[in-house]
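Please take these sequences and the hints and turn them into a complete structure.
Residue numbers (our numbering), protein chains in the order written: chain A, 5 to 359; chain B, 7 to 571.
Be a bit skeptical, because a hint or two may be false.
[Unchecked claim] Simulated restraints, written as ranges between beta carbons of each label pair:
#	chain 1	residue 1	chain 2	residue 2	range
1	A	G191	B	Q261	38 to 44 Å
2	A	L205	B	D356	55 to 61 Å
3	B	E352	A	G191	36 to 42 Å
4	A	R31	B	R251	32 to 38 Å
5	B	R150	A	I44	48 to 54 Å
6	A	I44	B	D258	41 to 47 Å
7	B	D163	A	K62	44 to 50 Å
8	B	S284	A	D113	28 to 34 Å
9	A	M26	B	L231	28 to 34 Å
10	A	K62	B	G413	46 to 52 Å
11	B	K160	A	R31	48 to 54 Å
12	B	S284	A	M328	40 to 46 Å
13	B	S154	A	D173	15 to 21 Å
14	A	G103	B	D163	56 to 62 Å
[Claimed, not checked] Covered, in the sense of this in silico footprint (three residues per stretch, anywhere, with C-beta under 8 Å from a C-beta of chain B), are these stretches of chain A:
#	region
15	283-291
16	352-358
[Unchecked claim] Covered by chain A, per the in silico footprint, the following chain B stretches (three or more residues, Cβ under 8 Å):
#	region
17	303-313
18	344-350
19	383-396
Keep in mind that the hints were calculated from the coordinates and are not lab data.
Every residue gets a Cβ at the ideal spot worked out from N, C-alpha and C, and that includes glycine.
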Amino acid sequence: MKLDHAFAIGELPTKERNWPAMWRAYRQRTRRRHLLLRAIRHRRELTPVANRTGAIRKTDILCLMTVRNEALRLPHFLDHHRRLGVDHFLVIDNDSSDGTDLLLRDEVDVSVWRTAASYKASRFGMDWLTWLQIRHAHGHWCLTLDADEILIYPYWETRDLRALTDRLDQLGREAFGALTVDMYPAGPVSASGFRQGDDPLQSLDWFDGGNYSVQVQPKLRNLWIQGGARGRVFFSDEPRKAPTLNKIPLVRWSRRYAYLNSTHSLLPARLNEVYDVTGGESLSGVLLHTKFLPTITERSLEERQRGEHFANGAQYAAYYERLMNNPTLHCRTSTRFRGWRQMEAMGLMSRGGWL
Amino acid sequence: MTLGIVMLCHTALDRAAQVARHWAVAGCPVVLHVDAKVPAAEFGQLQTALADLTKIRFSRRFACEWGTWSLVEASQIAATAMLSEFPEVRHVYLTSGSCLPLRPVAELRAYLDSHPRTDFIESVMAGDVGWTVGGLDLERFTLRFPFSWRRQRKLFDAYVTVQRKLGIRRRIPAGITPHLGSQWWCLTRQSLSAVLESPDRAKYDDYFKRVWIPDESYFQTLIRLVSAKLESRSLTLAKFDVQGRPHIFYDDHRQLLRRSECFVARKIWPHAEGLYDSFLAQTPPRDVQPDPNPTGIDRLFSAAKDRRLAGRTGLYMQSRFPHASHGGDTCAAPYSVLAGFSALFENFADWLSRTSATKVHGHLFAPDRVEFAGNETVYAGGLSDNARHRDYNPRSFLTSLIWNTRGEHQSFQFAPADAQPIASFIAQDPNARVSLISGAFLVPLFQSNRNFGEIRAEAARLQKIEGEFLSLLRGPKTRARVRIWTLAEFIESPMAALQSLVSDIAPRSEMRVTEVPKLVDLQGFDQFLQNLRNQGMQLTLLGDLSAESGNAPRDQQPNRPYVVR
Numbered sequence: 005m006k007l008d009h010a011f012a013i014g015e016l017p018t019k020e021r022n023w024p025a026m027w028r029a030y031r032q033r034t035r036r037r038h039l040l041l042r043a044i045r046h047r048r049e050l051t052p053v054a055n056r057t058g059a060i061r062k063t064d065i066l067c068l069m070t071v072r073n074e075a076l077r078l079p080h081f082l083d084h085h086r087r088l089g090v091d092h093f094l095v096i097d098n099d100s101s102d103g104t105d106l107l108l109r110d111e112v113d114v115s116v117w118r119t120a121a122s123y124k125a126s127r128f129g130m131d132w133l134t135w136l137q138i139r140h141a142h143g144h145w146c147l148t149l150d151a152d153e154i155l156i157y158p159y160w161e162t163r164d165l166r167a168l169t170d171r172l173d174q175l176g177r178e179a180f181g182a183l184t185v186d187m188y189p190a191g192p193v194s195a196s197g198f199r200q201g202d203d204p205l206q207s208l209d210w211f212d213g214g215n216y217s218v219q220v221q222p223k224l225r226n227l228w229i230q231g232g233a234r235g236r237v238f239f240s241d242e243p244r245k246a247p248t249l250n251k252i253p254l255v256r257w258s259r260r261y262a263y264l265n266s267t268h269s270l271l272p273a274r275l276n277e278v279y280d281v282t283g284g285e286s287l288s289g290v291l292l293h294t295k296f297l298p299t300i301t302e303r304s305l306e307e308r309q310r311g312e313h314f315a316n317g318a319q320y321a322a323y324y325e326r327l328m329n330n331p332t333l334h335c336r337t338s339t340r341f342r343g344w345r346q347m348e349a350m351g352l353m354s355r356g357g358w359l
Numbered sequence: 007m008t009l010g011i012v013m014l015c016h017t018a019l020d021r022a023a024q025v026a027r028h029w030a031v032a033g034c035p036v037v038l039h040v041d042a043k044v045p046a047a048e049f050g051q052l053q054t055a056l057a058d059l060t061k062i063r064f065s066r067r068f069a070c071e072w073g074t075w076s077l078v079e080a081s082q083i084a085a086t087a088m089l090s091e092f093p094e095v096r097h098v099y100l101t102s103g104s105c106l107p108l109r110p111v112a113e114l115r116a117y118l119d120s121h122p123r124t125d126f127i128e129s130v131m132a133g134d135v136g137w138t139v140g141g142l143d144l145e146r147f148t149l150r151f152p153f154s155w156r157r158q159r160k161l162f163d164a165y166v167t168v169q170r171k172l173g174i175r176r177r178i179p180a181g182i183t184p185h186l187g188s189q190w191w192c193l194t195r196q197s198l199s200a201v202l203e204s205p206d207r208a209k210y211d212d213y214f215k216r217v218w219i220p221d222e223s224y225f226q227t228l229i230r231l232v233s234a235k236l237e238s239r240s241l242t243l244a245k246f247d248v249q250g251r252p253h254i255f256y257d258d259h260r261q262l263l264r265r266s267e268c269f270v271a272r273k274i275w276p277h278a279e280g281l282y283d284s285f286l287a288q289t290p291p292r293d294v295q296p297d298p299n300p301t302g303i304d305r306l307f308s309a310a311k312d313r314r315l316a317g318r319t320g321l322y323m324q325s326r327f328p329h330a331s332h333g334g335d336t337c338a339a340p341y342s343v344l345a346g347f348s349a350l351f352e353n354f355a356d357w358l359s360r361t362s363a364t365k366v367h368g369h370l371f372a373p374d375r376v377e378f379a380g381n382e383t384v385y386a387g388g389l390s391d392n393a394r395h396r397d398y399n400p401r402s403f404l405t406s407l408i409w410n411t412r413g414e415h416q417s418f419q420f421a422p423a424d425a426q427p428i429a430s431f432i433a434q435d436p437n438a439r440v441s442l443i444s445g446a447f448l449v450p451l452f453q454s455n456r457n458f459g460e461i462r463a464e465a466a467r468l469q470k471i472e473g474e475f476l477s478l479l480r481g482p483k484t485r486a487r488v489r490i491w492t493l494a495e496f497i498e499s500p501m502a503a504l505q506s507l508v509s510d511i512a513p514r515s516e517m518r519v520t521e522v523p524k525l526v527d528l529q530g531f532d533q534f535l536q537n538l539r540n541q542g543m544q545l546t547l548l549g550d551l552s553a554e555s556g557n558a559p560r561d562q563q564p565n566r567p568y569v570v571r
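Shown next as structure tokens:
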């Protein structure tokens, strides 16, 4: 079988060390430096609102994010990731109007920057984040998330990020992969009553357990996983366009690194190899995706009008259309969320050899 | 008579202080060796923290590096200090700063009191150990290792290779037999002092300075010369992963550690607040004191090792995507691919499902939609019946289906009219059980109500596809279990074939096929084939059907071939 776009299961070739590979490596280096330059150019778009970065200690674990109107989710987001052991949050507020800035400004472990510049023109916020990473994240374990993502990993309830990153250090690994799993309610998305500060997993407690398409992109050798609830419901006819679900949210950062495409892949390319190719399993986690809160319908309307979310917005018109119509994602074979051990047993994440 | 603790510390000194205090308060003298690389300020803090305890000493400091002589030197100095400073000590226990006592000190003392002459040290003949990482066991003693394994790995490896090629060997001093074992021992004063005060010590030290990882062999080897009574096991629970890195214990291991009944565990994560709190709490010794029993832990660790190295077969996910040569070409469990049966029998899938009590799907790779069993639109794990979705990545589709339904045998129909890209994967998948009736694809055409010209073209197309699939199945790369009948052979004795199919799917069931699926009406099929031939088509996959059926016209004995005996 030939997938024109990637290596399918059973087709991953061994890595080559030849002229084309070296040329590709050189091109990637140029690309990476270009991205770093872009980030430096975009730095002026950020205005500090509350800069507490002076308090960051050498061994602190950082969490970076770009947000827009996330006042509803942020309290729980901060609680959860604080509990995981994030020492400092660096947040870019992209012109929120719902009080997100007020909510963040007074948190002692949060630094906030504000910008009204275009999200799309900043590579969907990545240029801003890259700048903050150059400036503040060098040498730190650095978590880059969206406000609707909740990181869990094997043993997260009893072992915080310090334990996880110590483990990764011990293994000599610089990056940690996580699969985005769309969480959804039992009925139509607008039916659940969600209030600010609630745990979104109280109402979004269902997910798709085993409909993920896995392949490897040849150039960067990063995984390309699609499917899940969004793939099944919104992109069945055009599966190629379905959202990418694999992410590399946790990296021991260097100021020379740059995320390439959201946090799906990064340069240098070696960081993308978060998977084992010899049959074993390496340690990985899950990002519980809480996009499908009741506010999704109005949000989709706004996002579509702003057209700031996809490179080619028109292609996704039908997707937004359906999101606005209060869809039901739950189906007969949905799985109810019971915790990380369940997801580990289902093979959505792996503890590798961590015991 | 008492127990003395030697602690080798290099990080997390606050934890080391906490543990040292625990031992000292319970009446055990403690000698601490602190790595010389620890800054003076931190060392000072440690000294201050323990200043109120009279039974604590600090030995001369060496800069320690993993795998080198410095660790042995540190243990020697600290042990010597222990023996001379605390004459009441009978057993000396070597621990590290990240060790944690799991049982009340009194229990350990009682245990040692009941074994007053015994040395507890794992000591295994170097040629016999299977656990050394990198395969170096006896060669640790006969090669030279001037390069750091951690920092100069390439030089290290290259130098080992060169020595092997040239056959260069060090001579092992006369009188000693190399032994290896865990570096955490508990020795009696008599044995330990015999090693440390040996007249040949200078000679042995010189030799072991150039042995690789001498802390796992110095005492382990020399103790054999002096020990009166030796138990070859460590009292410290210490586990290593596949790369030889120590396993770390966290708060959630509390029950596991407690149940192991080991006296000391290594290595404890310095931030494991719960472990330090609960195990350092002063608890009285119990009346019944069981012996250490780490088998439960051993089992868990070998399972973890397995997960890390071998992974779960047939799972393809974000942290497992193996090369084909490493099991990246198979599904999680055996499954059956049935080609031609549903064309020959009415409601074949239902029949097979009933007979074998397993899931039997229709044509999973049908061109228009996925025909899941029970006509479901969405199947296990959220798999969609959308054909485009399936065809986008058919291998993920099939491996996901088999993974999601593991524990329940899956079968599905496959025909030349189905989407074929999956065929090569099926052919080389050792878990695939392919049963194929070649030429059966003609039967649906025979039944169809189409113009003969169309039928002729379609028959030629399907024959070509099936021919390709057959040559794939007969090819050298095929690892699926394959059974092929021509249509003629199958019709000759269908019952035997069906029986073998059922016992293949449900091997444990003693089931004999009693209920028989209904063969489609083949009256006029001969003429149909003849017409195809007359139109210039060569039928290559049927077998010798026409001659036989020509002799026994089917219209007289429609059900003859599969009479149940």
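- When you take the CB atoms of R31 (chain A) and R251 (chain B), is the distance between them in 32 to 38 Å? holds (36 Å)
- Query: Range hint 28 to 34 Å: satisfied by the CB atoms of M26 (chain A) and L231 (chain B)?
  - Reply: About 57 Å separates the Cβ atoms of M26 (chain A) and L231 (chain B), which means 28 to 34 Å is violated.
- Message: How does the region 344-350 of chain B fare against chain A when you require at least three residues with a CB closer than 8 Å, holds or violated?
- Response: violated (count 0)
- Pairwise beta carbon distance, G103 (chain A) to D163 (chain B), judged against the given window 56 to 62 Å: holds (60 Å)
- Checking C-beta pairs, does the region 303-313 of chain B have three or more residues closer than 8 Å to chain A? Check passed, 5 qualifying residues.
- Query: Do the beta carbons of R150 (chain B) and I44 (chain A) sit within 48 to 54 Å of each other?
  - Reply: holds (51 Å)
- For the range 38 to 44 Å, tell me whether the beta carbons of G191 (chain A) and Q261 (chain B) fit it or not. Hint holds: Cβ distance 40 Å, inside 38 to 44 Å.
- Query: Taking the beta carbons of E352 (chain B) and G191 (chain A), is their distance inside 36 to 42 Å?
  - Reply: holds (41 Å)
- Distance restraint evaluation - K160 (chain B), R31 (chain A), Cβ atoms, bounds 48 to 54 Å: violated (28 Å)
- Return holds or violated for the Cβ distance of I44 (chain A) and D258 (chain B) against the range 41 to 47 Å. holds (44 Å)
- Item | Claimed coverage, the region 352-358 of chain A by chain B - three or more beta carbons nearer than 8 Å | holds (count 7)
- Message: Tell me whether the statement that chain A covers the region 383-396 of chain B is true, taking a Cβ distance below 8 Å and needing three residues at minimum.
- Response: Since 10 is at least three, the answer is holds.
Going down the numbered hints, you'll see the structure goes against 2, 7, 9, 11, 12, 18, while the others check out.
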